[in-house]
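Just need the whole structure built from these sequences, with the hints factored in.
Residue numbers (this note's numbering), protein chains in the order written: chain C, 1 to 165; chain D, 166 to 330; chain B, 331 to 783; chain Z, 784 to 1236.
The set of hints was computed from the structure by calculation and includes no laboratory data.
Straight-line alpha carbon distances no greater than 35 Å define the calculated DSBU-like cross-link-like pairs of lysine-lysine that follow:
id	chain 1	residue 1	chain 2	residue 2
1	B	K567	B	K781
2	B	K334	D	K294
3	Z	K1044	Z	K1029
4	Z	K1222	Z	K1044
5	Z	K1044	B	K724
6	B	K567	B	K779
7	Z	K884	B	K724
8	B	K753	Z	K884
9	B	K576	Z	K1177
10	Z	K1177	B	K594
11	B	K724	Z	K1177
12	Z	K1177	B	K753
13	B	K334	Z	K1177
14	B	K754	Z	K884
15	Z	K910	Z	K899
16	Z	K1234	B	K334
17	Z	K1047	B	K724
18	D	K328	D	K276
19	C	K91	C	K163
20	B	K431	Z	K1206
21	Z	K1206	B	K334
22	D	K201	C	K32
23	B	K769	B	K724
24	D	K201	Z	K1137
25	Z	K1029	Z	K932
26	D	K201	B	K684
27	B	K479	B	K457
28	B	K567	Z	K1177
29	B	K677	B	K567
30	B	K724	Z	K1020
31	D	K182	B	K684
32	B	K684	B	K754
33	D	K256	B	K334
34	B	K684	Z	K1206
35	B	K724	Z	K1040
None of these values were measured; they are calculated from a predicted model.
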Amino acid sequence: MEANELKDLRELVEFLKDNKIAEFDLERGDLKVRIKFTGPPVPAAIDYTQLATLIPQQTIAPAPLAAAAAAPVSTPAAEAQAPAENVHEVKSPIVGTFYESSAPGAAAFVKVGDQVEVGQVLCIVEAMKLMNEIESDVAGEVIRRIVNNGQPVEYGQPLFAVKPR
Amino acid sequence: MEANELKDLRELVEFLKDNKIAEFDLERGDLKVRIKFTGPPVPAAIDYTQLATLIPQQTIAPAPLAAAAAAPVSTPAAEAQAPAENVHEVKSPIVGTFYESSAPGAAAFVKVGDQVEVGQVLCIVEAMKLMNEIESDVAGEVIRRIVNNGQPVEYGQPLFAVKPR
Amino acid sequence: MFRKVLIANRGEIALRVINACKEMGIRTVAVYSTADRNSLHVRFADEAICIGPPRSAESYLNVPAVISAAEIADVDAIHPGYGLLSENANFAEVCRASNIKFIGPPPEVTRMMGEKSTARQTMKKAKVPILPGSDGVIGSVDEALEWAKSVGYPVILKAVAGGGGRGMRICRSPQELPDLYNQASTEALNAFGNGDLYMEKFIERPRHIEFQVLADEHGNVLSLNERECSIQRRHQKLIEEAPSLKITQQQREEMGKVIRKSLKDIGYWNAGTIEFLMDEDGKIYFIEMNTRIQVEHPVTEMITGIDLVKAQLRIAGGEKLTDIIPQPIVINGHAIECRINAEHPEKFTPSAGKITAFNLPGGNGVRVDTAQYAEGVVPPYYDSLIGKLIVHGKDREEAMNKMQRALDQFIVQGIHTTIPLHKKIFEDEEFRAGNFDTKFMERFFEREKAKAE
Amino acid sequence: MFRKVLIANRGEIALRVINACKEMGIRTVAVYSTADRNSLHVRFADEAICIGPPRSAESYLNVPAVISAAEIADVDAIHPGYGLLSENANFAEVCRASNIKFIGPPPEVTRMMGEKSTARQTMKKAKVPILPGSDGVIGSVDEALEWAKSVGYPVILKAVAGGGGRGMRICRSPQELPDLYNQASTEALNAFGNGDLYMEKFIERPRHIEFQVLADEHGNVLSLNERECSIQRRHQKLIEEAPSLKITQQQREEMGKVIRKSLKDIGYWNAGTIEFLMDEDGKIYFIEMNTRIQVEHPVTEMITGIDLVKAQLRIAGGEKLTDIIPQPIVINGHAIECRINAEHPEKFTPSAGKITAFNLPGGNGVRVDTAQYAEGVVPPYYDSLIGKLIVHGKDREEAMNKMQRALDQFIVQGIHTTIPLHKKIFEDEEFRAGNFDTKFMERFFEREKAKAE
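This is the structure we're talking about:
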């Protein structure tokens, strides 16, 4: 093997590891490569003695929060969904109650399909009677509102999905 | 193989090990490389949560036994040595005290260099005042006596190294 | 006190004894089979000797191997734990012959108590209440009616030559007795070629009550009061507690007196347990004596503050009970033990294998006795007990609540355990009310089945 | 009793409070920072709410976040644990304003006790013995000599404007006083622009003794006797025990009376600890009061059988002490606690990281309070306490032996812990004899250093 081939191989292996690929076959013309990683899917590192991940995590996800809210809410599973490619989630910077508008009956700050700018107010999270305006940290199109009006949210909980432009 | 090829191979193997790759095939033109690492996920995978293996195992090895014996004895480390290739270890089938001869002062049943047959008495292990003759389970040449006269031995402890013929 | 003790056992009880020795400054020697090489009793003993291959018969039950190990390690005494060699009188005799102190009663007493009928006669003579029985063949229906009248219904007819339930009839009134007598006798004749019957008092819903005793080698005996062990499945105890809700203070004191006298008469020494059945009226009847430490000894320790294993060691060392045990013995709160077995919680099939996650509950009033650990292995060769979860509360209610939170925090992955079963039992109304008996688990499983349908 | 309680803390004390609530049938709400997402207090609470990023200031110390979580989860009460917000009077006031019961004393009392000089004056007024001090500037050498004579040598001169040891002199005789006075005054003047000095009684080898108290909201106060906490390193307690070898039964009773009266006067309620220094003659002097549950509360629990956290909850629920605590309070045996910190055992550098092996000791008389587990992670953001190992024996000797065998079985790999340090301390002759003081660790390290050389 030549030096630059080993370099190529290194790059290939890094790429495979990053993408959690266990086996890789390539055949092209006279070139055939076959790579198989060892045992428990290599880089993934399923830490299966991690108690906290082992056990039904009803307490860790915002399920109890959701349950505490009067309004029907999206399931924690849906909330926990990994963001799809190219979608940015605006997260709650504080614990509180989510409101889509500045007052009951008033129009929502934003609706799905709106184009928003960085710094534009998306919603309010009320904490200790204080109305905290939550601003977008990205410019783009609102493609989903993840929580319901009046729903309690915890720190770091995704509020809106925005497709950046 | 040429010298620089071996160097390349070394590099390749190091690289594969670092990346925990279990199998690697390469074919190009007249070059075919196939590498497969042995058994338990290649080099890393020390089961380091096994308490028993983690902790200084003075109690598991026959060290205390050795310490109890009056005669100077070989170290447990030496006793625990993996048998070299093509050497069979005759092990003690019982707990007791090892004697090389039938009576104090009598000649040893066998000595290093002797040829022994299957079923030939190699030594005595005394347990509860009973003299148990230990027979060889292999035919060959005695190449080492592993324990000392008068030394306590536990179940499964190697007594003699015999090179089978 | 002893300088060095060999523990002829494995698992949690071996570690329990090792702990007691260590805390008393006694050197410890573990023995182990090749299957237990990585066990904690091996890890935490001062010395450890491999005595044989996995099968108990060739290792832990192998008397010459154990004695050889004891001689090689030059110990003063052997603690047998429970099970294995603990009630083997021959082993105790070999220890004596080898000049090694056996930590338990003298072999003669072990042998006497091991024979069920001898034990019964011995206890009867010592005025311990025993289950009324005809003590011989009942030759006719009339004789049967008369005997049943003398002890009260229900009674049970049993074949003298019998076994396996054949030639056996439970009889609840004089009206049905003649027919049942004849059926049983015919069945016994057909099955065993012998139609002779005897009779016993029958208890419909017995509770299993046992008294913990300690006796020194100077003729002093102490009762450490009772444990309630009615939660059983096929005669295997699952949950034990102390004190029993059904034993009155008066009964406790009376039994204490009877037990002290009887064991003194017998010449008993060291720890032991006298097992009784309790009938619906709260009367108790001797069934058998266990001449060793029991699995469930911790519940007594929790409510009395007495370390029973240390007491065993000091008794065997020749000390007097008055020097070992601060008296009077006071019952403090309520203790419950759950046996955590490596078994499927519904099918009860043994579940050997590697433990992949292991979290022990802790905190106030929680005790865990186990020799298992994360990444430990449960070998398939031995009994399935992998740990005991013991709680101590100011009353039964607090103890039950504590057990529930502790069970939730006892996490074992990789093998099945009885933890999920225990969780359900502690939610059961009948269990919580304490109105149970040895048939509890049958009813419990029926209720669970009904719930599932 | 409360329906639902939020625990505004993390680690072992959060789990300790959760356990108490669960055993009382109270629903629990944990709060956590993103660094603690996989912690057991999160896992074992009924509900859990993430309140902020890793840094305490933005999560556990963030009052609006904690109160918001409490409002969202709709809890009746908040238990603050120790540290963090537990002695923050503002937080207790916000709780009150938000109509959430703060499980601790009223904010006014917390504030009063948080000011060292106010606390001192308050206690002095209530006849609690305090360390004699000049309570004002000592204007001359003559005045200093007179004051020193009135309290006896040694005394310490301190700069009124001082800090960091400057302008401070320990004085052991009237002969050396004049020079030391002038040196200190000059030093203070140079350092702070103010040469004024005050004086205090100086204790050469003080022991740290503290009294656990409980008070209800109806004016009833109870002393649960003392703990001995002299084994400290840089004012961090390492080992605590109860009872103290140096407190006599008479002193215990006298202090009980004084404490009851003083806390009633102050209007104290809930759990608290009054800390004292003991001089070489066994006299004790008030230094400060902690208005919360303490890390070392389990040693008092072990010897009194009283669950202090449950008592806190019941007191906050409005119950009376007479209904909560069976009296009289009896001291039963001896208990010792070792703080297991994630620190290098010699350098004391914090050791955060992933735990790779974790074996907890168990068995008779051993209690572990921890929220750590195998494969758990110790984050670098919080204090280094990862667990408490508590033992209870019939006397100090048994407790020490038990601690030694338990320390041997407490295995933590992957991070450094103070376990090896504790093992050495329990072998130290001075420690075992109980003849120590707060300077013990300095002498201990010197001895260890000498041994190593």
